[in-house]
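Using the hints, position chains B and C against chain A.
Protein chains in written order, with the working numbering: chain A, 6 to 291; chain B, 665 to 1025; chain C, 829 to 1139.
One thing to keep in mind: the hints can contain errors.
Computed list of lysine-lysine pairs in DSSO-like fashion (alpha-carbon distance at most 30 Å, straight line) [as the list claims (entries may be wrong)]:
hint, chain 1, residue 1, chain 2, residue 2
1, A, 95, A, 163
2, A, 100, B, 796
3, C, 1055, B, 817
4, B, 868, B, 1017
5, A, 163, A, 219
6, B, 868, A, 163
7, B, 985, C, 964
8, B, 1017, A, 178
9, A, 138, B, 868
10, A, 138, B, 796
11, B, 985, C, 965
12, C, 1055, B, 985
13, A, 178, A, 138
14, A, 178, A, 163
15, C, 1031, C, 876
16, B, 1015, A, 178
17, A, 95, A, 138
Chain C side only, calculated, beta carbon under 7 Å to chain B, not exhaustive [as the list claims (entries may be wrong)]:
hint, residue
18, 939
19, 943
20, 950
21, 952
22, 954
23, 1070
Since the hints were made in silico from the structure, they are not lab data.
For glycine and all other residues, C-beta sits at the position ideal for the given N, C-alpha and C.
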Amino acid sequence: MTTPDTTTAPDVPDAIAGERTDRRIIGGELLSVDDISLSFGGVKALSHVNFDIREGEVRAIIGPNGAGKSSMLNVINGFYHPDSGAITYKGQTRKEMRPDQAARQGIARTFQNIALFHGMSTLDNIMTGRNTKMHRNFLWQALHIGPARREELAHREKVEEIIDFLEIQSIRKTPVGRLPYGLQKRVELGRALAAEPELLLLDEPMAGMNSEEKEDMCRFVLDVNEEFGTTIALIEHDMSVVMDISDRVLVLDYGVKIADGTPDTVRSNQQVIDAYLGVSHDENRA
Amino acid sequence: MFYREAGQFKTSYTSDQAIFPIRQDLWFIALVLLAAFVAVPLLMQGADDYMYQAVLIPFLILSLAAIGLNILTGYAGLLSLGTGAFMAVGAYATYKITTSFPGLDIIVVFILAGLVTAGVGIVFGLPSLRIKGFYLAVATLAAQFFILWLFNKVPWFYNYFPSGTITAPPREFMGVLVTGPEASAQSRYLLVLSFVTVLALLAKNLIRGRIGRQWMAIRDMDIAAEIIGIRLLPNKLLAFAISSFYCGVAGALYVFSYLGSAETEAFDILLSFNVLFMIIIGGLGSILGSFLGAAFIILLPVLLTNAPQFLGFAMRADMQKHIEFMVFGALIIIFLIAEPRGLARLWQIAKEKLRRWPFPY
Amino acid sequence: MDFLNAILVTPFVEIADSPVFFAEVAINGLLTGVMYSLVALGFVLIFKASGVFNFAQGIMVLFAALTLVGLMEHGAPVWLALILTVGVMIALAFAIERLMLRHLVNQEQIILFMATIGLAFFLEGFGETLWGSNVKKLDVGIPDMPLEFGGILLSSFDLIAALIGAVLVASLAIFFQKTAIGRALRAVADDHQAALSVGIPLKTIWIIVWSVSGMVALVAGIMWGAKSGVQFSLSLIALKALPVLILGGFTSVPGAIIGGLIIGVGEKIAEVYWGPAVGGAIENWFAYMLALAFLLFRPQGLFGERIIERV
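Chain A extracted, bound-state conformation (with noise of 0.2 Å):
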């Protein structure tokens, strides 16, 4: 176990985020990814990936397409299994995760592409975000009262709070299969922060959305980490986003981690410039 790091992040400039200064605590390690392979068929998706994520830090996961991001997050979650290699998460060691286990353990995550409830209001969705925290089982909830009704209202509480801060009050009871892009993203967001999670994995929150609904979904995100000490990992295209609210960067290419550190170290990153760029491997080595 490695003694808390207690150094602050540096504060970075306005251009996305805002006025933002950092009074963040980044802890010591939450979660880390040991030697992992993965693959589908022939296809290699993941080979000997190791990194870790801090608790308290905001990491970015970025890569060209067909890098292997979502499949790590994917693994992280267990929604897939890996075929090597470990996962350390609070302490525990393990081959792999579990999806529910995951989710009662405080990992809670979006998707890429929007797998929200369409069948069901906003505040429906977000309200199943508490699942895992609601415990009084169908008989109490067939009578609807004493600690079935209780419960409910606690939790009701909870989203609502959500709600205001994600400010999506007005579209409340609309069936989210109803609402634009934009906002069916904004409310995934809210059932994955119902789940009041330790980490947050976001897998392109911010894909497809224009620079007003970007800069709101950074604050969210920021403030999040902020205000509630949540730690995140995002997977995101826009590089701006990026090196401006990242603390730590992952590289992927290929399956493979080519960089990992700090934005501006990678950023300078010869071998990320030429991943991005479509430079073969081998010229780079003359």
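Leaving out everything else, chains B and C in the frame of chain A:
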């Protein structure tokens, strides 16, 4: 202008979560219940039993079965073609329990029969761990055919009577005869009405709470549901169990409060399809829809029987059946295309229009 | 004790005692199986090309047979009646595409499936309104004589039916693999959008597929109808085809064939040897239970594709 929610502010989450948040809705339901429990019996005094026997009682019983199927298929998204068989389980279980323990209160017997059906439902729901969609429907088909065959072939189920039929013995509740050939239509009606009212309320409560949300989450996208921590198998089995309970009680009432006696044919696959049609037409995922759909399916044949006489020509009985099939089939398609959320949705739209009435916008 | 004996011992003794009879039962089962395969084939075609599980396939079998018989009863000679019926089935395909499929394009499978249930009921009522509902005899001139092969008794009708079925299946298989239209059908089955984007006309493909299915239904209807009379129970065959598809895999033509054969044989053998011990009529549920068992261990069937879900 009469029907609106302006001015009815919800000052707490409690009132927002009420089943009937708009006050007018609450009055309406109170009125309906009053009419059902009090007005109908009063009005029917002395009249013949046709209304009870042909319309009200089957409507209530099939609504109950429709609620059961809606829980499984409409809310949890698990298609079932075995409703008839589950109703049969309830009926035969009631028969066996009450003939073996004649002293046991009939209400208790009905509930026990429901629990037995729930158990059977869980068994046939086990495959849902590995299969879904219409693959699962095939498992329920297996239930449909196998269970009916079992009740046909194993004489223990019908107490070794050579005719193979089960008959409801006379039973009392609070001193009134409620089952058996001597029981009055009115007492049968009130018994069924009470069961349906209570069970519908319980179902509504389940649906608007955590469990209903979990079922709908599984229905909409089970992978995502699993990832946010909803455990699939227990929830699916719970859906099967509760749905089967409702269908079992409905089946018990079907024989004991409606038909009086029955063979396995009464519960064949046609019944399963009929209940499925009820929830499609009425609205998948809606308790109100279960009632509306049942009303529709009950009333249509009544209409078809009587309409030709009104219009002045005769129609053969089998022709009527064919026309029924055509109309049902066509309506299913039309509803699925135009309003997949069925009559319940149309009802909602009507209510929304009513809010603006009599103003045009 | 008796019961256990009847289940675990007697059947095998009987089989060993009279292998010739066993072969006869098995072969008869195979022949029935060919018929199942025919119906299942209609399903597979439509499912492959449009992703729709057509519950109405069984009714189409009945409808086709009813139309044929109806026309013949009105005096049309066999060849004319056949041509007209084919025309009717094609017209039906057009109508289905226009009135139903087109409007349900983006809906999920379960909605489409339920729509086909509605279609099944509609067609049944419609067919019986048009042609009446008594059992009808269908005679298309196929001889039905007992033939004997090495002590095994078979019906010439069954054999010819099996032959016709086999030819039909073979030609369909070739059609799918070798022709351009077949290729287009497979493209559509894979991805509607992609197929559209390379210029494959979706609607035309659907009409073709439903027409071909209609004709397969017609052949099946003729075979079944001539054997047992044209009546409502023909439509219940649709339900039987479901277990066939589960065994064979929903998207596989060879799977439909093999699945049908397995179900046909299995059913017959179970009924003849195990039926008496439990009062008979095992055929009502045997196929479904078999399918259920399969579902638990190999959900994609013998030849179907594994379903991989991505988030």
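Hint-by-hint comparison with the structure:
1. A:95 - A:163: 25 Å, holds
2. A:100 - B:796: 29 Å, holds
3. C:1055 - B:817: 28 Å, holds
4. B:868 - B:1017: At roughly 25 Å apart (the allowed maximum being 30 Å), residue 1017 (chain B) and residue 868 (chain B) satisfy the hint.
5. A:163 - A:219: 25 Å, holds
6. B:868 - A:163: 23 Å, holds
7. B:985 - C:964: 19 Å, holds
8. B:1017 - A:178: Since the Cα atoms of residue 1017 (chain B) and residue 178 (chain A) sit roughly 18 Å apart, the hinted pair holds (cutoff 30 Å).
9. A:138 - B:868: 22 Å, holds
10. A:138 - B:796: 27 Å, holds
11. B:985 - C:965: At roughly 23 Å apart (the allowed maximum being 30 Å), residue 965 (chain C) and residue 985 (chain B) satisfy the hint.
12. C:1055 - B:985: 27 Å, holds
13. A:178 - A:138: 22 Å, holds
14. A:178 - A:163: Answer holds: residue 178 (chain A) to residue 163 (chain A) is near 16 Å, not above 30 Å.
15. C:1031 - C:876: 15 Å, holds
16. B:1015 - A:178: Answer holds: residue 1015 (chain B) to residue 178 (chain A) is near 17 Å, not above 30 Å.
17. A:95 - A:138: 19 Å, holds
18. 939: The hint holds - residue 939 (chain C) has a Cβ within 7 Å of chain B, the shortest such distance being about 6 Å.
19. 943: Result: holds, 5 Å to nearest chain B Cβ.
20. 950: Holds, about 3 Å.
21. 952: Constraint on residue 952 (chain C) satisfied, holds at 5 Å.
22. 954: 5 Å, holds
23. 1070: OK, holds: residue 1070 (chain C) within 7 Å of chain B, min 5 Å.
Of the hints listed earlier, there is not a single one the structure fails to meet.
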